[in-house]
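K.L.:
Given next are the chains, with one letter for each unit.
Protein chains: 2
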Amino acid sequence: MSRVRDVCVVGLGLIGGSVLRAAKAAGRTVWGAAQAEDAAKAEADGFTVLRLDEALERARREDALVVLAVPLPAVPDVLRKVRPGTRLTDVTSVKGPVADAVHRYAPEARFVGGHPMAGTSRSGWDASRADLFQNAAWVVTAEQSDDVLIDVITLAFDAGAHVVPTTPEEHDAAVARISHLPHVLAAVLAAVGADGGPLALALAAGSFGDGTRVAGSRPELVRAMCEGNRDALLGAVDDALGRLGAARGSLASTGGLAKTIDAGHEARLKLINQPERTPLTIDLTSPEAITALHSLGSRGGRIVALNGTTVKAEIS
Amino acid sequence: MSRVRDVCVVGLGLIGGSVLRAAKAAGRTVWGAAQAEDAAKAEADGFTVLRLDEALERARREDALVVLAVPLPAVPDVLRKVRPGTRLTDVTSVKGPVADAVHRYAPEARFVGGHPMAGTSRSGWDASRADLFQNAAWVVTAEQSDDVLIDVITLAFDAGAHVVPTTPEEHDAAVARISHLPHVLAAVLAAVGADGGPLALALAAGSFGDGTRVAGSRPELVRAMCEGNRDALLGAVDDALGRLGAARGSLASTGGLAKTIDAGHEARLKLINQPERTPLTIDLTSPEAITALHSLGSRGGRIVALNGTTVKAEIS
Chain A
19 MSRVRDVCVV
29 GLGLIGGSVL
39 RAAKAAGRTV
49 WGAAQAEDAA
59 KAEADGFTVL
69 RLDEALERAR
79 REDALVVLAV
89 PLPAVPDVLR
99 KVRPGTRLTD
109 VTSVKGPVAD
119 AVHRYAPEAR
129 FVGGHPMAGT
139 SRSGWDASRA
149 DLFQNAAWVV
159 TAEQSDDVLI
169 DVITLAFDAG
179 AHVVPTTPEE
189 HDAAVARISH
199 LPHVLAAVLA
209 AVGADGGPLA
219 LALAAGSFGD
229 GTRVAGSRPE
239 LVRAMCEGNR
249 DALLGAVDDA
259 LGRLGAARGS
269 LASTGGLAKT
279 IDAGHEARLK
289 LINQPERTPL
299 TIDLTSPEAI
309 TALHSLGSRG
319 GRIVALNGTT
329 VKAEIS
Chain B
19 MSRVRDVCVV
29 GLGLIGGSVL
39 RAAKAAGRTV
49 WGAAQAEDAA
59 KAEADGFTVL
69 RLDEALERAR
79 REDALVVLAV
89 PLPAVPDVLR
99 KVRPGTRLTD
109 VTSVKGPVAD
119 AVHRYAPEAR
129 FVGGHPMAGT
139 SRSGWDASRA
149 DLFQNAAWVV
159 TAEQSDDVLI
169 DVITLAFDAG
179 AHVVPTTPEE
189 HDAAVARISH
199 LPHVLAAVLA
209 AVGADGGPLA
219 LALAAGSFGD
229 GTRVAGSRPE
239 LVRAMCEGNR
249 DALLGAVDDA
259 LGRLGAARGS
269 LASTGGLAKT
279 IDAGHEARLK
289 LINQPERTPL
299 TIDLTSPEAI
309 TALHSLGSRG
319 GRIVALNGTT
329 VKAEIS
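Going down the list, the sequences are from chains A and B. Residue 19 is where the first sequence starts when you use this note's numbering, and the numbers rise one by one after that. Residue 19 is where the second sequence starts when you use this note's numbering, and the numbers rise one by one after that.
Calculated from the structure, these hints are not laboratory results. All values reported here derive from a predicted model rather than from experimental measurement. Note that the Cβ used here is the ideal one computed from N, Cα and C, for glycine as well. It is possible that part of the hints are untrue.
Output of the computed footprint for chain B on chain A, the stretches with three or more beta carbons under 8 Å from beta carbons of chain B [claimed, not checked]:
(1) 154-166
(2) 195-208
(3) 311-317
Residues of chain A clear of chain B, computed beta-carbon distances all greater than 10 Å [what the hints assert, rightly or not]:
(4) 69
(5) 80
(6) 172
(7) 213
(8) 228
Ranges of calculated distance between the beta carbons of each label pair, as one might list FRET restraints [said to hold, decoys possible]:
(9) B:140 with A:99: 27 to 33 Å
(10) B:47 with A:142: 55 to 61 Å
(11) A:270 with B:322: 56 to 62 Å
(12) B:264 with A:328: 46 to 52 Å
(13) B:142 with A:305: 53 to 59 Å
(14) B:103 with A:290: 46 to 52 Å
(15) A:91 with B:288: 26 to 32 Å
(16) B:147 with A:270: 35 to 41 Å
(17) B:98 with A:252: 51 to 57 Å
(18) A:292 with B:264: 31 to 37 Å
(19) B:256 with A:91: 33 to 39 Å
(20) A:317 with B:140: 31 to 37 Å
(21) A:276 with B:272: 36 to 42 Å
(22) A:294 with B:63: 49 to 55 Å
Next up, chain A with everything else stripped away, as it sits in the complex (with noise of 0.2 Å):
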């Protein structure tokens, strides 16, 4: 039910453009759209771009896979335009709120939600890259198993990456901890550290400079990106509260920081040093091959090559 499927991808900034030029460097015929000055720039780097209307009506005529790559507060605009029958995905850094966008906006749109887990610094087209998702993790969050999540899967696969399935919720959830909050935690670093003025900075070195690194990030993407995941964000900043308050209260009354520098060292190892993988295969044509999908990701596993409608993946 597979094929190696044209890909249409909407908006070309950093990582709708890498998708771009990676879908093309593994020979697949792309197309895109954008806004004027990234889509100057695509079609100076030799790209087809289209205009919006155009671009999405020959996806749908060729039924090509669509990649939604805008900010997340120009999907409702795009997915109004996607012609029903659509095969759809994104690469969204929030899954819950363009789920709900998805149902309302371009209800029959075939969807499958995605969120590349790669980024830099910089932003738009002149930084895309493509090999930005090699070796990166790329969610795949699908309701059904059809063919447009092994669209997707392959997509990812194409770009050097390996896919981590999962439910919006969880997604969502698991990013407002380990990719918003660290934004969250930088600006409020680089901010105390800067009202320590001019000699603070002049000491600064190692940990205040890894610790604000993401600071230097373009706010308007920052915020867009924490804010559209304002729910899920805001359970993580109230962990991140309660466990500086306890740290603070502990060094207030005893004097000692051990229950949250352990606690810190240990979940530190935990990351760096992530146990041996064994492998496990999921038959997407099982009627529970989505359970079997979601428990993979929730158990911290991920899909490393397809083969048919045969994922083969890694548990640890």
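Using the hints, position chain B against chain A.
P.N.:
Relative to chain A, chain B alone:
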């Protein structure tokens, strides 16, 4: 009033070992004292290592500069053995508590505090390197301008560092913000991420990796450093709690994070785009020398060269 002076280093872990190596590489006569494991390794690498009493006695006899490089809890025991009149500095990460300990346990030593802002997540003699302090800031806290101050400045230059003069209080407040708070926030972030379970860790990418890197440091060293600067760190943690709480409130009430993210971005730009520096000189024999040095440090300036009793400095 200056000459190239012999150097005795007490404590031969990462920092003390690197001071010993750097001073020897600069052509100084050097010897050390250390606990058994580091002592044996330093001797095996061709360095002179004496018993603590012998090392301190030789230092007083030869008018050498003693560099205190033991962890803060071990400082009083060493200070009790320092001979009256000894030229003394330290490389500990807090300056107020060390100055207090010197006043109490070695009031007749000729003391100038120091803190080279360098380190790695590794520790012990094995991790020490002669070039650890190249291009680093070496904080110096002097209460008077004398030849011991010149000894310490000269040692910092021999190690490839520049010198930032300040007071113990200003140093401790600054490092709470740019060195100790980053460790606490990294620990909090790592724990909140790990609380998200295997999926969260499987999706962790650049921002989480950067933000938790220093949580990989040895917990007992991080605790000793942070707990040793308790008063100043409490202030920095309170500032972080205030800013994080404000972000939480804004996200919950309006859905917006503009103030938090924009302030963090502006602070990060201040860090990476420090303004151009203009040169100035300070005459160390002037009665205003200490005031001028402290003002230089408060304003983010640094000493970059020494010519007799005149320091060449730079300020933004």
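K.L.:
Between the beta carbons of residue 103 of chain B and residue 290 of chain A, is the distance compatible with 46 to 52 Å?
P.N.:
Taking Cβ atoms as reference, residue 103 of chain B and residue 290 of chain A lie about 49 Å apart, which means the hint holds.
K.L.:
Is the claim that residue 80 of chain A lies outside the interface with chain B correct, judged by CB distances over 10 Å?
P.N.:
holds, 33 Å
K.L.:
For residue 213 of chain A, is the shortest CB-to-CB distance to chain B above 10 Å, so the non-interface label stands?
P.N.:
violated, 6 Å
K.L.:
Indicate whether the distance between the beta carbons of residue 292 of chain A and residue 264 of chain B respects the range 31 to 37 Å.
P.N.:
holds, 35 Å
K.L.:
Taking the Cβ atom of residue 147 of chain B and the Cβ atom of residue 270 of chain A, is their distance within the range 35 to 41 Å?
P.N.:
holds, 37 Å
K.L.:
A cut-off of 10 Å on Cβ-Cβ distance, and residue 172 of chain A was said to be off the interface with chain B. Does that hold?
P.N.:
Since the minimum Cβ distance to chain B is about 21 Å, residue 172 of chain A lies beyond 10 Å and the statement holds.
K.L.:
How about the stretch 154-166 of chain A: do at least three of its residues have a C-beta closer than 8 Å to a C-beta of chain B?
P.N.:
holds (count 3)
K.L.:
CB of residue 276 of chain A to CB of residue 272 of chain B, is that within 36 to 42 Å?
P.N.:
Since the Cβ atoms of residue 276 of chain A and residue 272 of chain B sit about 38 Å apart, the hinted range of 36 to 42 Å holds.
K.L.:
For the pair residue 142 of chain B and residue 305 of chain A, does the Cβ-Cβ distance stay inside 53 to 59 Å?
P.N.:
holds, 58 Å
K.L.:
Residue 317 of chain A and residue 140 of chain B, beta-carbon distance inside 31 to 37 Å?
P.N.:
Because 33 Å falls inside the window, the suggested range holds.
K.L.:
Given the range 46 to 52 Å, decide if the beta-carbon distance of residue 264 of chain B to residue 328 of chain A lies inside it.
P.N.:
With Cβ atoms ~51 Å apart, the hint holds.
K.L.:
Given a hint of 56 to 62 Å, does the C-beta separation of residue 270 of chain A and residue 322 of chain B actually sit inside it?
P.N.:
Cβ of residue 270 of chain A to Cβ of residue 322 of chain B: about 40 Å, so the range 56 to 62 Å is violated.
Taken one by one, the earlier hints fail for this structure at numbers 7, 8, 9, 11, 22, listed in ascending order.
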